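Colleague: Chain residues, written in single-letter form:
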Amino acid sequence: MKPALSVIVFTVLSGAGLGLLVCAALARLAGEAAGGVWRAALLACVLLGAGLVSSSLHLANPRNAWRAFARFATSWLSREAVFAVLLVPLVALWLLAIAREARALEVVAAAATIACALLVLVCTAMIYACLKTVPQWNSWHTVLGYPLYGLMSGAVLWLAVAGPEAASASAWRTGALVLLAAGLVLKLATWLRFARPSDLPVHTALNLPAGRTRLLDPGHSRGTFLTSEFVFALARTRGRLLRWCTLAAGYALPLALLLAASAGGASRAFAVPAAVCCLAGLLVERWLFFAEARHVVRLWHGATDAGDAGGSACSTTGAQRA
Amino acid sequence: MKLGLVVDLDTCVGCHACAVACKEWNAAAPVAGGAPDYAPQGETPGGVWFNRVRHFEYTADAASGHLNLSKTINVPMSCMHCEQADCVTVCPTGASYKRAEDGIVLIDPERCMGCNYCAWACPYGARELDEEAGVMRKCTLCVDRIYDEALPPAERKPACVLACPAHARHFGDFDDPGSVVSRLTAERGGGGLMDDLGYRPVNRYLPPRAPAEVDTSAQRARAPSLKARLGALVNRIVEL
Chain P
1 MKPALSVIVF TVLSGAGLGL LVCAALARLA GEAAGGVWRA ALLACVLLGA
51 GLVSSSLHLA NPRNAWRAFA RFATSWLSRE AVFAVLLVPL VALWLLAIAR
101 EARALEVVAA AATIACALLV LVCTAMIYAC LKTVPQWNSW HTVLGYPLYG
151 LMSGAVLWLA VAGPEAASAS AWRTGALVLL AAGLVLKLAT WLRFARPSDL
201 PVHTALNLPA GRTRLLDPGH SRGTFLTSEF VFALARTRGR LLRWCTLAAG
251 YALPLALLLA ASAGGASRAF AVPAAVCCLA GLLVERWLFF AEARHVVRLW
301 HGATDAGDAG GSACSTTGAQ RA
Chain D
1001 MKLGLVVDLD TCVGCHACAV ACKEWNAAAP VAGGAPDYAP QGETPGGVWF
1051 NRVRHFEYTA DAASGHLNLS KTINVPMSCM HCEQADCVTV CPTGASYKRA
1101 EDGIVLIDPE RCMGCNYCAW ACPYGARELD EEAGVMRKCT LCVDRIYDEA
1151 LPPAERKPAC VLACPAHARH FGDFDDPGSV VSRLTAERGG GGLMDDLGYR
1201 PVNRYLPPRA PAEVDTSAQR ARAPSLKARL GALVNRIVEL
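Chain order of the listed sequences is P and D.
When the letters of the first sequence are read in order and numbered with our numbering, they come out as residues 1 to 322.
When the letters of the second sequence are read in order and numbered with our numbering, they come out as residues 1001 to 1240.
In short, the hints are calculated from the structure, not lab data.
All values reported here derive from a predicted model rather than from experimental measurement.
Some clues are possibly wrong.
Where chain D lies over chain P, by a calculated footprint (3+ residues, C-beta under 8 Å) [claimed, not checked]:
(1) 40–54
(2) 125–135
(3) 205–217
(4) 225–238
Glycine included, each C-beta is placed from N, C-alpha and C at the ideal position.
Could you build all of it, start to finish, from the sequences and the hints given here?
Modeller: Pasting the structure below:
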């Protein structure tokens, strides 16, 4: 799949923003002072706003974006939009309750905010996980991944925003470490699970007896919408390098920085670089999520069982290369 | 009604006439279709095609007992008007819809926001973004032809079906067991592409027929004639 920058930025930023909202609301429920919560809420709104703008950039016809709420019954994209918009009044109510020190209302609004933010994360995951056309996405790994990586980056961001003066800083550090470790394990498990991508052979797709099929001609002389959208060839060496970048920046370095923060005292000096590093790593992770996904339409453009290998099978079709 | 196409993989010669006729009809019918060209005479021509023909070389395994099926297989592909149309269910705006009366899957360009999600959900590559209008496009089964009573009945068919010089394309109602498409599918064992994925495509593809074997056993069994034996003798002398 083509790694579209707007969607990558959108999913990473809004995921982190939603995770941050959940963490801030949980911390506040546990008795955190209002100062850090305000900062976190402001940052979350900035992240979600930036994500929203970014998401609209990939629409070819954004004038009709307002219609995206129309198919709540069947479309996960519609559900994501509805819950994302529902989040706005819930967060506003929660912050109002904090400002007015209405404790009972605050608890209810915080719980609703947490539930709604988690729903948005699950909807984002299901947008990809429900596609049978992309086997790597059509899996519980995706359903678990989006919420987990969102909460993970949110927890690291919360540590950076709340600062060392936060009452529960050490507890949150432990929480962030657990989430980072869980994220690392899930990422590795996902890569292992789909280490050997298998395409359906064309003769099976055509209901022919067992045999060998080879694309002679894709039927077009230049690239098409289909080749630019679905036939993305990622060179093996580059893919491997980016995977190491993901592991290091997204998970390992933030883990090391937070562990160092647990040992030393100056939490923010470690927490801020950890948060920046984690977001940068997740941007690479998300780029790979798209670039490595193999849509079944590739089959009709000469994809074979042999794997990516620089996309030689698809070279005649004007495939994008990286 | 369950309208759809039958494509005969045995007789399709891969001439792209269906794809060209489709472009011709739909480029001029922006309401129902809309298949623009980008820089058709330029260095990098591009555009939206509702129907694309791919060409494969197929060699049957010797063990399968179908070696005589080995041939070039031309595969014209357009919207299969699936009964389980995920492109419709994933669409957030309701722009994609499947008509209850005849099963045709259509896009309302007035509602489409161009998010590409429906194209992602389609395993056949049947949907392409119109970069000029910013909306998704696809085969309409020539909905603006097939019901047009101003046309003679024989011409109330999709443009691709009318254009096919090999009669490899047929149009009709799969709900009607007596229709040409139902009969052809039953007689020839037609199947859907990638049926395993569960989209229940309506369009059927008729498999290539094994060519009748030419019996050469008589020639091989017959003793070589005097002329042939003389010829062989001359050859051997020349080769000395």
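Colleague: Determine for every hint whether it applies to the structure shown.
Modeller: A quick look at each hint next to the structure:
Here the segment 40–54 of chain P counts 0 residues with a CB under 8 Å from a CB of chain D, which misses the bar of 3, and the coverage is violated. Taking a C-beta to C-beta cut-off of 8 Å, the segment 125–135 of chain P contributes 6 residues in contact with chain D, enough for the three needed, and the coverage statement holds. With a cut-off of 8 Å between beta carbons, the segment 205–217 of chain P has 13 residues touching chain D; three or more are needed, and the interface restraint holds. Residues of the segment 225–238 of chain P lying with their CB closer than 8 Å to a CB of chain D number 4, which satisfies the three-residue condition for coverage.
Checked against the numbered hints given earlier, the structure breaks only hint 1 and satisfies all the rest.
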